Each structure stands twice: as C-alpha cells, then as structure tokens.
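A.B. asks: Residue numbering for the sequence shown follows this note's numbering, starting at 5 and increasing by one per position.
For the record, the hints were derived by calculation from the structure and aren't laboratory data.
Take these hints with a grain of salt, some might be off.
[What the hints assert, rightly or not] So the derived label-pair ranges between C-beta atoms look like this: (1) N27 / D84: 27 to 33 Å; (2) H87 / T49: 19 to 25 Å; (3) E48 / N27: 17 to 23 Å; (4) A74 / R14: 20 to 26 Å; (5) E12 / D47: 28 to 34 Å.
Values in this document were obtained by computation on a predicted structure and should not be read as measured data.
Idealized CB from N, CA, C, for every residue including glycine.
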Amino acid sequence: MDVPERIEIREGSSLELTWGDGNVSEISASELRSACMCATCRDETGAKATAAVLQQPEEIRIVGATLVGAYAINFGFAPDGHHTGIYSFDSLRALATDV
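Let the hints inform the model, and build the full structure from the sequences given.
C.D. replies: In structure tokens form, the structure reads like this:
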C-alpha cells in the first residue's frame with residue numbers, strides 16, 4: 005500500500021499528495037467528489053453514479069479531511085455538504101495526476 009508522506013488541501017480546490025517514492029500528485033476537488041464510492045453516491049453494485057454525484061455543483065470545494073485508520077481519508081465537501089466517502093490511499097494514488 006502506498007502511503008502519502010504529506011497531504012495538503014490547496015485552497016479547497018485540489019488535494020496535493022507527496023508519496024514515499026518522492027512523486028507529488030494532485031486531484032481536483034471535483035474529480036475527488038465524483039470518485040466517491042459511498043452508498044449515497046453509487047448504486048448497490050458500486051458501478052453506477054447516483055444523482056448525488058451527477059448533479060453536483062460546479063464549484064465543489066474540499067472543506068475538511070480526517071484520517072481513517074492507517075489506510076484512508078474521509079473528506080468533507082461544500083457546497084453540497086457531502087462527507088461520507090472514504091478514500092483509500094491506493095484509490096487516491098490511482099486517481100491522482102503526477103505534478
């Protein structure tokens with residue numbers, strides 16, 4: 005499992021991660037919100053996005069982050085108030101674009 009050494013929310017608009025191998029990557033707030041796999045955001049199979057994801061506002065922002073054990077992060081978003089998704093470090097690495 006890849007574990008980030010540094011996690012920074014950049015003015016609410018993106019997440020910057022520095023990984024153990026030295027790579028720095030970034031995920032926009034809207035990409036992160038769209039990738040949420042919680043029961044509110046996905047159908048029972050986890051494959052199809054629900055209205056919560058498809059109808060999100062254009063100006064989505066990251067407003068908080070909490071570590072979940074030693075393997076994931078939970079993010080809070082505005083203006084929709086969503087806060088139930090858990091993003092494993094591996095899923096963040098897969099979503100991220102190297103800077």
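A.B. asks: Does each hint hold? Answer for all of them.
C.D. replies: Each hint, compared with the structure:
no., hint, verdict
1, N27 / D84: 27 to 33 Å, "30 Å, holds"
2, H87 / T49: 19 to 25 Å, "23 Å, holds"
3, E48 / N27: 17 to 23 Å, "35 Å, violated"
4, A74 / R14: 20 to 26 Å, "24 Å, holds"
5, E12 / D47: 28 to 34 Å, "33 Å, holds"
Of the hints listed earlier, the one the structure fails to meet is number 3.
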